[in-house]
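Residue numbers (the numbering used here), protein chains in the order written: chain B, 1 to 166; chain A, 1001 to 1811.
No lab work stands behind these hints, which were simulated from the structure alone.
Glycine residues also receive a C-beta, built at the ideal position from the N, C-alpha and C atoms.
Just to be clear, a hint being listed does not mean it is correct.
Residues from chain A shown here face chain B by an in silico Cβ test under 10 Å; the list is partial [stated by the list, open to error]: (1) Asp1040; (2) Phe1050; (3) Arg1267; (4) Val1289; (5) Ile1291; (6) Gly1292; (7) Ala1296; (8) Gly1384.
Here are the computed lysine to any residue pairs in the SDA-like style, where the Cα-Cα straight-line distance is at most 20 Å [as the list claims (entries may be wrong)]: (9) Lys1804(A) with Ala31(B); (10) Lys1264(A) with Val111(B); (11) Lys149(B) with Thr1396(A); (12) Lys145(B) with Pro1190(A); (13) Lys145(B) with His1195(A); (14) Lys1656(A) with Ala1333(A); (15) Lys1298(A) with Val107(B); (16) Lys1051(A) with Asn1039(A); (17) Lys1346(A) with Pro39(B); (18) Lys1444(A) with Lys1781(A); (19) Lys1346(A) with Cys128(B); (20) Lys1479(A) with Glu1462(A); (21) Lys100(B) with Gly1636(A); (22) Lys1804(A) with Gln1467(A); (23) Lys1418(A) with Thr1396(A); (24) Lys1186(A) with Cys128(B); (25) Lys149(B) with Tyr1185(A); (26) Lys1804(A) with Lys1603(A); (27) Lys1395(A) with Ala1334(A); (28) Lys1374(A) with Val1389(A); (29) Lys1346(A) with Lys149(B); (30) Lys1264(A) with Val107(B); (31) Lys145(B) with Pro1188(A); (32) Lys140(B) with Ala164(B); (33) Lys1110(A) with Lys1128(A); (34) Lys1264(A) with Thr110(B); (35) Lys1346(A) with Arg78(B); (36) Lys1186(A) with Pro39(B); (37) Lys1311(A) with His1195(A); (38) Lys149(B) with Lys1264(A); (39) Lys1264(A) with Ala27(B); (40) Lys66(B) with Lys149(B).
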Amino acid sequence: MNVRVQPTSTHNIEVRLRPEHSDAEGAAALALLVAQGMPSLREARVSRVYEVKGPISAGQVLQATKDLLCDAVTQEYRVLAPVNPPANGMNFWRVEVWLKPTVTDPVGETVRDAIADMGLPRPDSVRCAMVYRLCGRSNKPQLEKAVSKCLANPLIHRAVVTEAQP
Amino acid sequence: MNASAVKDPAAAAAEAPGILDKSVKELRALGDARHLSLNDAEWAVIQGHFKGLKREPTLAELETLAQTWSEHCKHKTFTSPIRLTEGKKTRVIKNLFQETIVAATQAVKKPWCLSVFDDNAGVVAFGKKWALAFKAETHNHPSALEPYGGSETGVGGVVRDVLGCGLGAKPVLNTDVFCFGRPDYKGPLPEGAHHPNRTMRGVVAGVRDYGNRMGIPTAGGGLWFDDDYRLNPLVFCGTVGLIPQWAVDKEVKPGDFIVAVGGKTGRDGLHGATFSSANLGEDAPTSAVQIGHAIAEKRVLDALLRARERKLYRSVTDCGAGGFSSAVGELGAAGARVSLENAPLKVSDLDSWEIWLSESQERMVLAVPPKNLKALQAVFAAEGCETAVLGEFTKTGRLVVEHRGRPVVDLDMQFLHKGLPRVEREAVWNAPAPAKPSGGAEKKASLVLREAVADLNVCSREWVIRQYDHEVQGGTVIKPLQGVRHDGPGDACVIWPQAATGDMDDHMGFSVAHGLNPDYGRLDPYWMAMAVVDEALRNLTCVGADPSRAALLDNFCWASPADPKQLGALVRAAEGCRDAAKGFGAPFISGKDSLYNQSKDEKGRELPIPGTLLISAISTVPDARKAVTMDFKGPGNALYLIGRTNDELGGSLYHKILGRSGGEVPKVSPACALEGFKSLHAAINRGLVLSAHDLSEGGLAVTAVEMGFSGEFGCLIDLDEMARDPRIYSNETLLFSESPSRILVEVSPESESAFLRHFGKGAKAAAVRRVGQTTANPILKVVGLDGSVVMEEPLRELKEAWQKTLPAVLG
C-alpha cells in the first residue's frame, strides 16, 4: 500500500442526529439538568466530537467520518472550525464533556484502530467528547454546576461550557 | 511504545524514600502521602527486614509490599487472629476464614468441587466433560467516585477472573447486585459525593455497556436500597464461565516466559488495592478510577481461548489489583525475573514502579513454554492483541524486577507472601436482648400490601434489567423477567450453555441465584447469614436447579474492622455462613470481602454501611427444558405452601412499613428446609409443578400477588390452612411474616397426588400444605383465620403500583 506521509495535524469532527429526528439522549440529558434546578432549559440535543490528531489529511478524516463515524440516514457531520464563531447571546449553550488526558478513552482508541483498519494513516490519537447543545435561559456558573452534578464527573471529565450559535 | 521512550529508571532508586531511620510517626506520614495503607506493625516488619539487608527499599519495593499486603489482596481481617468478647466470655479465633468458610467446605466434602479458594474463581463440575467457574467481586470504592467507570471495570475485572481461572473459562453469564441509597434521597450530602440517583444511573450504565459489548448475558442480580449506602454504594459483579475439566489445573515451570497480553500499561488504576483498604474520603487518589475497554477485553478473551485449545501456555492469571506485581507474584511463587522495558506503555513518562504496579485494565499474564512463544504471539496478533515477554519464571525464590538494566525490586518471595505480620484484632459481640415488637401504628392489611409491592426493595426492577442484554449467546432458558407479559420478577435465571459446549443433545443447564438482606443483619448478623444462604438456595430450587448440587460464593461488605463492634458482627455473620453451609451441605467455593465501607457524612460523622453479606449460589439444572417460571399458569390449580410460618417479623418489610422495631428475626432450620427443597426439586424434575416462587420480603402476600399479576390469574388463599406456629392469631403475621425456607407452588389438580408423594415421609418436616387455588379473575382474595375475607385486591392495580416505583424515584 502506498501511503503518503502527512504532516501531523488536528481535526475536529462533530457528528449529530439530523434535526428532524427526535433525540432520546438529549431528552434524557435535559431531564437530568432540569432535575438539577435548571427548569428554564427547553431543549437539549446530543452530538459527539472526535478530535483526530496525527499524520492524516482533512480529506482522509472526512472519508473516515462518512464511512465509520456517521450514519448517513439519521446523522450529519461537520468539521469544526479551529475558533468558534462569536456567540449571539440568545441563550444557546454548548457543553463539551471530554475525558481528561490521563483517562483511557476506549471510544477514541477504537476509532483510531478502525481508521487504520480502513487503510488510512493511523492517527496518533483520537479523543471523543460528548457535546450537549442546550437551549434556554441560564448563566455559565449555574450551568457548569449542574453539568458537574449530572453530565460530567470532575474526577475524570473536563467540561467546557460556552455560549453558542443556535 | 519502545523502551527508549521511557525515562531513565534511575529515578526509581533515587526516589527510594529512606525508611530505616524513620520514626513510627514519619512512616505513617509517608504511608499516608503515598496511599500505602500500611499499619504500624507492617511498617515495623518492613523496616526490620531491610535493616537486616542493610539497605533502603526502593520505592517499587515499598509499593509492591503495600499492594501485596493490602486488605484487598491478603484479606488481613479474615486471616488474622481475632479476640472475640461475647458478653463475659472471650475466645480467640486464629483464622476466621479457615475456621468458618473453609471449614464448612471441608466438612461437606463434595467431590464435584474441582477447585476451591485456590484460583481466581471457584470451580464445580458440570457434567462429565465440563466445569463451571464462578466468581463475584465488589468494586465499591471506585464506583462511589466514578459510578460508570467503577462498575464497568468491576465487570471487566470479574470477567478476567474467570478468564484467568484454570487455563481460562469462557464467560457465559454475568450477574449484578447493587446496594444504593434511595434514588429520591432528599437529605444533605457531603461536598463531592454523588447523589444516589446519579450513582445508580452510572453504575447500571457501566455494567450494561461492558457486559453487552463483550457479548455476555447479564441475567441475574438484585437491588437493595437503604440510605446508609448513600456514600458507599455496593457494586457486586459476578461472572460464570464454562471450562473443560482438563483445563482446570495449571502449573508454572521454571524457564517459562512471563508474557503480558492485552491492554497497554498506563498511569490509570494506580493504588487500586491500597485504596480499597482505606476509608473513603475526600483525598481518594483520582488515578484509582478507570474507564473500561470492553472491546479490548473481548479480543483478549477470544485469543486466549484459542490459545488454550492449542495448549500454548501452562498457566494464566489476570492483572487485577497490584497489576504485574500481583499477577507475576501469584503465578511465580517459586521466583521470577522481570524486565519492565518490554511492557507496552500508553505514555512514555511512567516511572518503573508505576509500570510494575499500574492496574490498567484488560491485561492478563501467561506462563508460556519458550517453544510455544511464536505460535502464541501469532494467535494474539490475529486478534489485534499485543503480547510482550516480560521475563521468565525461575526457581530462585526471589522476585527480581529490572528496568533497563537497573534493579527495581529484589524481594524474597517468602517475605513478600508470608512476611505479613498477623496482628490480633479485638471484636465485641453482644447478643441483642429479645425485644417485643414496638412502635408504629396498625394499618389495614390491604394498605400494607399496596405499600409493600411498591416498596423500593420489592418493586419491579425492569428499568435496570431491560438495559442488559440477557439473551446474547442464545442460552437464557429462564429469563430475569417472566410471565405472560415478560415483566414478572423471576427468582433466578437458567442458562443452557450450548453455545459454549456445542452439544445440542445435552440439556443440562445451570442456575445462579442470590440472597441479601442487611435489615436482618441489623438485628443479628448470624441469622442474616443463615437467611441469605437459605434465600439463595430456595431461589435456585424454584426454577428447577438441584439444591443438593449448590455451591456458594460469599461476599462480605462491611464497615471498618478497626471498630470492635463491626468486627464482632462480621465474625457472627461468618459463623452463620459456616453453619448454613454445613446445614445445607452447600460448600463455599470462592468469595471476597470488601471492608472499610464507611465515609464521613455532611456533618463529619462516620457513616458506616449496614453489614452486608451477599450469597451467590450456583447449581445445575438436570434438564433445562423442565425449568419453571414463577407466574400462575391457569385457573383452578392447587396452591401449596412449602415451609412453616412463624411469628418472625423482625427486620421485615411489614415492620418497616408500620414503623415498628424489634421482633424475632427469621430463623432457619437447614435440615427441614433442605428436605423441602429436595422434594420440590424432584417434583419439578418430573414436570409436576406449574410455577414456584419463593417467599421473601413481604411474605406470602407479596409472593401471591407477584405470581398472580405475572400470569394474569388470581388466587384464593385460606390462611387457616398454613402450616404455622399455633401461637399465631394474627392474619397480618401470616400474610407478611418472612419466615425463611418457604415456597409457594402451583400444581395442576391431576398432578396433586403425585406431587405430594414426592414429599412422602418428609412431608411433615417440610410442612407442605394446600393453602388455596388459582382463579380466573385476577384478584387476590384472602380468607383469614376466622373465616372472614381479609382482603380482596385487584392485581392490576397492585401491578401498576409495583411497576411505577423505580421509574418515579429515578425521575
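Structure-based check of each hint:
1. Asp1040: 31 Å, violated
2. Phe1050: 32 Å, violated
3. Arg1267: 6 Å, holds
4. Val1289: It holds, given that the least Cβ distance between Val1289(A) and chain B is near 6 Å, below 10 Å.
5. Ile1291: 5 Å, holds
6. Gly1292: 7 Å, holds
7. Ala1296: Hint holds; Ala1296(A) Cβ to chain B Cβ min 7 Å, cut 10 Å.
8. Gly1384: Check passed: Cβ of Gly1384(A) comes within 7 Å of chain B, closer than 10 Å.
9. Lys1804(A) with Ala31(B): Satisfied, since the Cα-Cα distance of roughly 18 Å is no more than 20 Å.
10. Lys1264(A) with Val111(B): 17 Å, holds
11. Lys149(B) with Thr1396(A): Not satisfied, since the Cα-Cα distance of roughly 53 Å exceeds 20 Å.
12. Lys145(B) with Pro1190(A): 15 Å, holds
13. Lys145(B) with His1195(A): Answer holds: Lys145(B) to His1195(A) is near 14 Å, not above 20 Å.
14. Lys1656(A) with Ala1333(A): 51 Å, violated
15. Lys1298(A) with Val107(B): 14 Å, holds
16. Lys1051(A) with Asn1039(A): Holds - the C-alpha atoms of Asn1039(A) and Lys1051(A) are around 18 Å apart, at most 20 Å.
17. Lys1346(A) with Pro39(B): The given pair, whose Cα atoms are some 42 Å apart, is violated under the 20 Å limit.
18. Lys1444(A) with Lys1781(A): Holds, because 15 Å separates the two Cα atoms, which is no more than 20 Å.
19. Lys1346(A) with Cys128(B): 17 Å, holds
20. Lys1479(A) with Glu1462(A): 12 Å, holds
21. Lys100(B) with Gly1636(A): This hinted pair is violated, its Cα atoms lying about 63 Å apart.
22. Lys1804(A) with Gln1467(A): Given that 20 Å is the threshold and the Cα spacing comes to 17 Å, the pair holds.
23. Lys1418(A) with Thr1396(A): 16 Å, holds
24. Lys1186(A) with Cys128(B): Violated, because 34 Å separates the two Cα atoms, which is more than 20 Å.
25. Lys149(B) with Tyr1185(A): It holds: about 15 Å lies between the C-alpha atoms, which stays within 20 Å.
26. Lys1804(A) with Lys1603(A): 34 Å, violated
27. Lys1395(A) with Ala1334(A): OK: Lys1395(A) and Ala1334(A) at ~5 Å, within 20 Å.
28. Lys1374(A) with Val1389(A): 11 Å, holds
29. Lys1346(A) with Lys149(B): Outside the cut-off at roughly 30 Å; violated.
30. Lys1264(A) with Val107(B): 15 Å, holds
31. Lys145(B) with Pro1188(A): Given that 20 Å is the threshold and the Cα spacing comes to 17 Å, the pair holds.
32. Lys140(B) with Ala164(B): Holds - the C-alpha atoms of Ala164(B) and Lys140(B) are around 12 Å apart, at most 20 Å.
33. Lys1110(A) with Lys1128(A): Holds, because 15 Å separates the two Cα atoms, which is no more than 20 Å.
34. Lys1264(A) with Thr110(B): Answer holds: Lys1264(A) to Thr110(B) is near 14 Å, not above 20 Å.
35. Lys1346(A) with Arg78(B): 30 Å, violated
36. Lys1186(A) with Pro39(B): Distance of about 18 Å is within 20 Å: holds.
37. Lys1311(A) with His1195(A): 49 Å, violated
38. Lys149(B) with Lys1264(A): 31 Å, violated
39. Lys1264(A) with Ala27(B): 37 Å, violated
40. Lys66(B) with Lys149(B): 34 Å, violated
Of the numbered hints stated above, those contradicted by the structure are hints 1, 2, 11, 14, 17, 21, 24, 26, 29, 35, 37, 38, 39 and 40, listed in ascending order.
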